[in-house]
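K.L.:
Residue numbers (our numbering), protein chains in the order written: chain F, 1 to 404; chain E, 1 to 404; chain D, 1 to 404; chain R, 1 to 404.
Heads up, a few of these hints could be off.
Claimed, not checked - With a cut-off of at most 20 angstroms between alpha-carbon atoms, the simulated SDA-like pairs for lysine to any residue come out as follows:
no., chain 1, residue 1, chain 2, residue 2
1, F, Lys-51, F, Arg-27
2, D, Lys-290, F, Arg-397
3, D, Lys-106, D, Asn-136
4, R, Lys-15, R, Thr-5
5, R, Lys-290, D, Asn-136
6, R, Lys-290, D, Thr-142
7, D, Lys-51, R, Gly-152
8, R, Lys-290, F, Arg-397
9, D, Lys-51, D, Lys-106
10, D, Lys-290, F, Gly-394
11, F, Lys-290, D, Glu-280
12, D, Lys-290, E, Arg-397
13, D, Lys-15, D, Leu-43
14, F, Lys-290, R, Ser-393
15, E, Lys-290, F, Asp-289
16, F, Lys-290, D, Leu-281
17, D, Lys-15, D, Arg-47
18, R, Lys-290, E, Asp-197
19, R, Lys-290, F, Gly-394
20, F, Lys-290, D, Gly-284
21, D, Lys-290, R, Gly-378
22, F, Lys-290, D, Asp-289
23, F, Lys-51, F, Ala-41
24, E, Lys-290, D, Arg-390
25, E, Lys-290, F, Arg-390
26, E, Lys-106, E, Gly-66
27, E, Lys-290, F, Leu-143
28, D, Lys-15, D, Pro-26
29, D, Lys-290, R, Thr-5
Said to hold, decoys possible - Rough simulated footprint, nothing fancy, chain D against chain E, three-plus residues with beta-carbon under 8 angstroms:
no., region
30, 144 to 157
31, 273 to 283
32, 324 to 338
33, 351 to 364
34, 384 to 394
No lab work stands behind these hints, which were simulated from the structure alone. Since the model is a prediction, treat every value here as computed from it, not as a measurement. Every residue, glycine too, gets a C-beta built ideally from N, C-alpha and C.
4 protein chains.
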Amino acid sequence: MDFSTPPATTELLAKIRGFVEERLLPREATILGQGFAASDAELQALRAEVKALGLWGPQLPTSIGGLGLSLLDHGLVSELLGYSPLGHYVFGAQAPDAGNIEILEKYGTPAQRERWLDPLAAGEIRSCFSMTEPDNAGSNPTLLACAARRDGDEYVIDGRKWFTTAADGAAFAIVMAITDPEAEAHRRATMIIVPTDTPGFRLVRNISIFGHAGGGYDSHAEIAYEGCRVPATNRLGPEGAGFVIAQERLGPGRIHHCMRWLGICRRAFDMLCARANARELAPGERLADKQIIQAWVAECRARIDAARLLTLHAAWTIDNHGFQAARESVSLIKFHVAEVLGEVLDRAIQAHGALGITDDTVLSFFYTRERGARIYDGPDEVHKMVVARRILSGYRRRAAGGGK
Amino acid sequence: MDFSTPPATTELLAKIRGFVEERLLPREATILGQGFAASDAELQALRAEVKALGLWGPQLPTSIGGLGLSLLDHGLVSELLGYSPLGHYVFGAQAPDAGNIEILEKYGTPAQRERWLDPLAAGEIRSCFSMTEPDNAGSNPTLLACAARRDGDEYVIDGRKWFTTAADGAAFAIVMAITDPEAEAHRRATMIIVPTDTPGFRLVRNISIFGHAGGGYDSHAEIAYEGCRVPATNRLGPEGAGFVIAQERLGPGRIHHCMRWLGICRRAFDMLCARANARELAPGERLADKQIIQAWVAECRARIDAARLLTLHAAWTIDNHGFQAARESVSLIKFHVAEVLGEVLDRAIQAHGALGITDDTVLSFFYTRERGARIYDGPDEVHKMVVARRILSGYRRRAAGGGK
Amino acid sequence: MDFSTPPATTELLAKIRGFVEERLLPREATILGQGFAASDAELQALRAEVKALGLWGPQLPTSIGGLGLSLLDHGLVSELLGYSPLGHYVFGAQAPDAGNIEILEKYGTPAQRERWLDPLAAGEIRSCFSMTEPDNAGSNPTLLACAARRDGDEYVIDGRKWFTTAADGAAFAIVMAITDPEAEAHRRATMIIVPTDTPGFRLVRNISIFGHAGGGYDSHAEIAYEGCRVPATNRLGPEGAGFVIAQERLGPGRIHHCMRWLGICRRAFDMLCARANARELAPGERLADKQIIQAWVAECRARIDAARLLTLHAAWTIDNHGFQAARESVSLIKFHVAEVLGEVLDRAIQAHGALGITDDTVLSFFYTRERGARIYDGPDEVHKMVVARRILSGYRRRAAGGGK
Amino acid sequence: MDFSTPPATTELLAKIRGFVEERLLPREATILGQGFAASDAELQALRAEVKALGLWGPQLPTSIGGLGLSLLDHGLVSELLGYSPLGHYVFGAQAPDAGNIEILEKYGTPAQRERWLDPLAAGEIRSCFSMTEPDNAGSNPTLLACAARRDGDEYVIDGRKWFTTAADGAAFAIVMAITDPEAEAHRRATMIIVPTDTPGFRLVRNISIFGHAGGGYDSHAEIAYEGCRVPATNRLGPEGAGFVIAQERLGPGRIHHCMRWLGICRRAFDMLCARANARELAPGERLADKQIIQAWVAECRARIDAARLLTLHAAWTIDNHGFQAARESVSLIKFHVAEVLGEVLDRAIQAHGALGITDDTVLSFFYTRERGARIYDGPDEVHKMVVARRILSGYRRRAAGGGK
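Put together the whole structure using the sequences plus the hints.
P.N.:
Next comes the structure, spelled out in structure tokens:
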């Protein structure tokens with residue numbers, strides 16, 4: 001076992017960290033205050049700087065202009081980018097585009113790649129991923145209702161989606177729709193690329209979340225697909241392969257999410273410590289001297305560090321033994337890191353007192369934007385159930401004679 | 001011991017409950033959506049209905065137009081009103097006016113009563129209470145910096161306050177300012193009434209909290225007092241009595257807060273159960289059938305009920321034995337009920353999945369607006385410390401020979 | 001609502017508290033050190049004192065020599081007795097005899113009453129209750145395997161039980177056995193009185209629990225019923241009524257348990273505070289000055305007080321509205337108070353450091369003896385499930401049109 | 001980063017795991033039932049097998065007959081040995097001998113090594129470490145009272161110690177005693193070797209812990225040093241170096257402890273899963289099908305895995321960068337792993353129902369024996385405080401200009 005980071009990675013990480021601290025943090029409050037949409041010019045300028053430094057697209061293959069990092073290294077980068085809500089966007093590593101790029105890269109036809117993948121990878125357009133439905137439990141794919149009917153050379157899509165992140169301003173959506181309701185549960189759905197200017201694609205609203213409907217990249221839309229017609233050539237991957245592709249998309253995506261959350265944890269922890277050191281309770285007595293704050297510092301440090309190693313281990317397993325070998329780990333980090341994130345943010349806020357609930361610090365942004373961490377991609381309760389069943393059946397299999 | 005509610009109270013509670021359910025809940029989403037300020041006409045109409053029904057001012061003495069309830073009975077009313085974010089406001093029982101009325105009632109001169117108390121009690125004007133300062137820990141009164149200098153027949157106030165709730169649109173503020181920095185710690189400050197149109201009273205901003213600066217009644221202002229002059233006759237109570245009065249104001253206020261929080265708990269619990277019953281996970285399987293949801297239901301029910309009895313007991317103690325006898329209880333409920341509130345809201349949201357973080361239900365409103373429950377009126381950590389010291393010194397006193 | 005205790009009860013409680021503090025606490029360490037069996041003479045002498053003071057059998061009807069208290073008042077007594085592990089035994093209120101007396105009192109024939117109830121109520125003999133089976137989940141009555149076959153005027157009992165508390169030295173057992181395996185689930189079992197000297201009643205072992213097999217009253221036996229024959233007249237209540245009777249036995253029993261646990265909480269809390277006050281960490285600095293200990297003190301105080309009111313409320317409900325009205329409450333307190341007990345004991349031990357895990361204080365006794373609180377009478381997880389289903393179906397019923 | 005285990009280590013671990021499973025587990029219940037002392041012959045025979053297999057002394061340098069493993073590799077071994085309470089003892093890696101060997105190896109004179117180290121390393125004698133005192137908080141070294149007065153060529157030791165683990169039957173104790181009360185706090189104490197047959201060394205009692213005083217290796221003694229004279233040549237290391245040596249002893253010891261606890265976690269987790277799979281609640285429904293059990297399985301798995309990586313990382317840091325670089329990590333694992341251990345054991349017991357609190361499984365043994373994990377070597381609360389102060393002062397130093 002070797003917990004060291006190779007010099008090349010260390011050097012890359014130092015550059016990225018430097019950029020985040022020097023170029024992003026100073027503008028963060030302003031950009032978050034006015035919103036991503038209103039800050040577009042400034043964000044594009046920052047992206048240009050990142051490209052000029054050769055740091056663009058840490059998760060992209062080199063073939064499409066990225067750094068071609070391993071999942072482990074990308075995880076380390078993602079942690080640094082997560083330190084600021086601007087990080088992933090400015091480095092071209094933001095969800096949902098990152099996941100869409102992955103599946104376009106793997107399943108896209110040459111025409112699809114040219115039209116959608118290339119400008120997306122270059123940050124010239126944005127995209128969205130339209131899977132979750134308001135009336136059906138996301139955790140049960142057989143309950144999906146949005147349907148795509150084949151009509152000659154076209155698909156006609158009807159249905160309603162919500163929490164289609166960043167649809168507002170996106171050039172296209174990748175839609176998950178039922179193409180064969182009679183097939184067995186996991187073969188019913190297909191992925192289809194739908195340009196957002198297609199008639200029948202209607203952005204109903206940006207959903208207001210904790211009082212904030214947002215806009216542009218920073219939004220989650222409800223979308224109505226109303227007799228929405230696209231050419232059959234817009235199908236991404238084989239018919240019926242929707243769930244398989246979605247699953248592949250989610251796997252590495254969880255590493256990214258978890259490392260991003262750990263970046264947020266690090267930010268919140270830094271702020272917790274800075275606040276504890278700065279806040280005077282009485283002459284000569286700082287918050288840092290109070291034992292309860294000290295316990296929070298110690299407990300947060302231990303939980304963050306442990307969760308971080310668990311996530312890096314999962315990334316390493318995927319890199320070295322494939323996703324299948326890491327399935328258990330990937331489920332574990334999803335709920336475990338989300339829980340740690342919630343605890344750390346809550347304590348950082350509490351240590352800031354009234355200031356912690358205001359928008360004078362970034363903590364309030366994280367607190368509301370990341371409450372969904374325990375919900376999206378399947379609520380934690382479902383992940384626990386799924387991974388436990390896998391673990392328990394492993395024990396039964398071995399008890400029945402299998403050996404380890 | 002007798003846990004029953006007398007028939008007269010039962011009848012009153014039924015009326016109030018009916019009004020909340022039939023008149024407030026149906027309009028709640030709209031009013032919260034457009035904000036208190038924009039909904040002023042509608043809110044005043046609802047207030048008129050409440051007055052017509054003889055239900056106005058449950059916490060007010062009958063002498064100034066209220067119901068003259070005991071603290072226990074008012075607690076029960078407050079629980080019902082807390083069920084909707086509109087409740088207290090429409091019934092004339094909203095903070096910070098309720099607390100200001102109490103101290104004006106007790107300490108106000110005839111002129112002060114006529115000018116400020118009467119219209120305030122009638123709901124014709126609003127007020128605010130200006131104590132917390134941005135740069136000083138609220139838990140330590142000796143750190144207060146805002147000062148009122150006597151100059152002839154006037155006080156000249158200089159300083160900065162924040163989290164002055166509902167200052168936007170208020171007719172006057174009651175300001176806590178240092179009048180004698182040399183006095184012993186708890187005799188330094190004085191309460192002074194400052195009409196908000198006084199020159200030198202400047203509302204710097206409504207503080208943005210979790211992305212929402214609000215406005216009108218639903219806001220928390222930062223206020224600059226800049227050479228702000230008011231007549232000495234605006235002093236409320238004796239000079240140096242600021243802390244004593246603040247303490248008296250906070251005591252019953254905690255009962256109100258806690259019972260309001262318990263009303264929110266009840267709302268969230270109702271929503272948790274309704275969601276569990278309604279949400280289908282698969283044909284024939286509802287969320288209510290899942291054991292983890294069942295555990296949440298059971299645990300929330302137990303914690304809410306227990307916290308409720310603890311709070312009612314504290315109210316009863318004040319009613320029957322005075323505030324001094326209830327000091328320990330009042331500290332206990334502050335942090336205990338706030339903790340229960342946090343848990344119940346979190347679980348209700350989690351059970352709603354993605355819906356829970358949207359503004360399509362009232363849960364998101366409560367989640368952000370009430371995060372402060374563990375912070376305002378002193379963070380929970382301070383309350384625990386204070387009450388524990390009291391308990392522990394009681395043990396020492398008895399061990400030293402005192403008996404119980 | 002009235003939280004006061006009537007003078008007569010207050011006086012009784014003072015007497016009992018006095019006896020516990022003055023007569024029991026001084027001997028507790030010695031008696032627990034040598035065990036209940038070896039301390040029999042001393043315990044009987046203490047019982048005689050209690051009888052002489054007119055305090056015997058707080059839970060017994062006056063008709064059989066007890067105080068005839070309401071469940072609420074008995075709850076208050078039980079809390080005081082629980083302060084010492086000797087309390088219930090010395091006052092004739094110990095499980096499982098107390099529960100057996102209740103059902104003998106309700107269902108016993110005159111002959112049964114004369115032979116078993118009277119000496120049991122007087123403390124002249126002991127009894128046990130034989131229901132739990134090692135191989136079957138206690139939470140599912142249909143899995144009971146021990147069977148009683150009718151053979152002429154006799155029942156022949158075969159099966160195995162465990163956790164038959166206090167069987168060692170008991171005069172008789174009340175056994176729960178299947179008499180009609182074809183009946184619907186809750187009508188299959190019957191209660192039968194089995195003198196422990198009946199051939200075929202074999203005490204296999206006193207089960208070693210956390211390293212301690214105990215003996216006499218303080219033991220939990222595994223019992224083999226091997227062709228064990230008793231006259232049919234030993235049947236307690238009607239055939240098939242076993243579950244109904246067991247349920248009635250458990251209901252008030254839970255109030256007793258919970259109040260006893262709250263007595264233990266009070267003891268542990270007193271010890272936590274005494275330790276915090278006494279332990280010096282450095283010259284002039286006591287454990288009581290540490291903020292984490294203070295937080296424990298505050299949190300324990302709030303949780304104990306809240307759980308206590310919840311339990312008293314359940315007792316009051318049974319007293320005033322019958323057991324059916326209190327079913328939900330009685331389930332809630334079972335797991336809620338057990339949880340509070342676990343927390344309070346754990347913190348009291350932690351505050352005592354190494355001393356806390358030794359037998360130099362009574363905490364270690366409670367820690368191991370009461371770990372079962374979360375398990376016996378059905379594990380907490382089952383109680384949560386059961387009560388939640390009841391609550392959730394209540395919501396469905398009301399939603400379907402029913403009203404409250 | 002590389003999370004793989006090298007083939008040689010893998011092979012060694014497989015051998016040790018095989019021995020634990022095949023040779024130790026089958027005898028565990030019997031040996032624990034009769035106690036270490038009564039099982040001495042059998043334990044020595046098992047040790048002989050271990051030696052014959054070349055597996056003796058994983059933590060010992062090869063120079064004194066051990067395997068000379070790195071701390072990381074020894075950690076992995078310790079995890080396997082911790083799976084059974086017999087593991088460390090049978091492999092010659094048991095506390096407190098392991099720690100004593102370390103300091104004798106580093107500080108022992110040739111004569112000390114010959115007389116005490118060699119037979120100790122070979123498992124021919126046992127030893128104990130006498131530091132903790134009953135009346136003084138172990139967390140504050142300045143409060144130590146046991147003193148060693150120099151008298152010619154001898155030290156005369158007077159004082160009282162407790163929790164001197166395994167003193168019963170030990171050949172010698174290493175005693176921490178104050179030799180210069182005037183020195184600065186951390187230079188006051190000295191380590192002295194005291195053969196247990198020295199006059200004035202009196203084993204007062206084996207302390208009863210959770211009802212079990214134990215005996216032989218499995219005991220914790222109270223020791224009175226009463227004018228106990230030993231030659232000055234029995235001093236271990238320089239005078240005044242007691243705390244430095246104790247600190248060095250504790251550092252790697254924490255890795256051992258934590259990995260042993262993780263071995264216990266693994267055992268408890270295996271038992272939790274086996275029980276869940278085996279226990280039928282109703283025909284066709286196992287405990288493994290219940291969602292709460294599934295949540296426990298998932299949460300325990302995540303926490304164990306994360307805590308394990310945190311501990312291995314700390315071991316790797318010591319191996320590669322020295323103890324000083326790992327100080328923070330070593331403090332973090334102490335309380336973090338102890339907390340995880342407590343949770344996992346508690347849930348494993350709860351899942352076993354009544355069986356879980358009996359001695360029919362090894363869980364009850366772990367539950368009582370390892371409750372001290374959160375207390376010994378300094379209570380968790382102290383560790384949190386210490387590590388937080390270090391972290392917070394690091395932030396202050398960097399903020400003051402220092403760079404990271």
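K.L.:
Indicate, hint by hint, whether the structure satisfies it.
P.N.:
Here's how the hints hold up against the structure:
| no. | hint | verdict |
| --- | --- | --- |
| 1 | F/Lys-51 to F/Arg-27 | holds (18 angstroms) |
| 2 | D/Lys-290 to F/Arg-397 | violated (51 angstroms) |
| 3 | D/Lys-106 to D/Asn-136 | violated (29 angstroms) |
| 4 | R/Lys-15 to R/Thr-5 | holds (15 angstroms) |
| 5 | R/Lys-290 to D/Asn-136 | holds (16 angstroms) |
| 6 | R/Lys-290 to D/Thr-142 | holds (18 angstroms) |
| 7 | D/Lys-51 to R/Gly-152 | violated (67 angstroms) |
| 8 | R/Lys-290 to F/Arg-397 | holds (19 angstroms) |
| 9 | D/Lys-51 to D/Lys-106 | violated (24 angstroms) |
| 10 | D/Lys-290 to F/Gly-394 | violated (47 angstroms) |
| 11 | F/Lys-290 to D/Glu-280 | holds (19 angstroms) |
| 12 | D/Lys-290 to E/Arg-397 | holds (19 angstroms) |
| 13 | D/Lys-15 to D/Leu-43 | holds (19 angstroms) |
| 14 | F/Lys-290 to R/Ser-393 | holds (14 angstroms) |
| 15 | E/Lys-290 to F/Asp-289 | violated (44 angstroms) |
| 16 | F/Lys-290 to D/Leu-281 | holds (16 angstroms) |
| 17 | D/Lys-15 to D/Arg-47 | holds (15 angstroms) |
| 18 | R/Lys-290 to E/Asp-197 | violated (64 angstroms) |
| 19 | R/Lys-290 to F/Gly-394 | holds (17 angstroms) |
| 20 | F/Lys-290 to D/Gly-284 | holds (18 angstroms) |
| 21 | D/Lys-290 to R/Gly-378 | holds (15 angstroms) |
| 22 | F/Lys-290 to D/Asp-289 | holds (11 angstroms) |
| 23 | F/Lys-51 to F/Ala-41 | holds (15 angstroms) |
| 24 | E/Lys-290 to D/Arg-390 | holds (14 angstroms) |
| 25 | E/Lys-290 to F/Arg-390 | holds (18 angstroms) |
| 26 | E/Lys-106 to E/Gly-66 | holds (15 angstroms) |
| 27 | E/Lys-290 to F/Leu-143 | holds (18 angstroms) |
| 28 | D/Lys-15 to D/Pro-26 | holds (17 angstroms) |
| 29 | D/Lys-290 to R/Thr-5 | violated (44 angstroms) |
| 30 | 144 to 157 | violated (count 0) |
| 31 | 273 to 283 | holds (count 4) |
| 32 | 324 to 338 | holds (count 7) |
| 33 | 351 to 364 | violated (count 0) |
| 34 | 384 to 394 | holds (count 7) |
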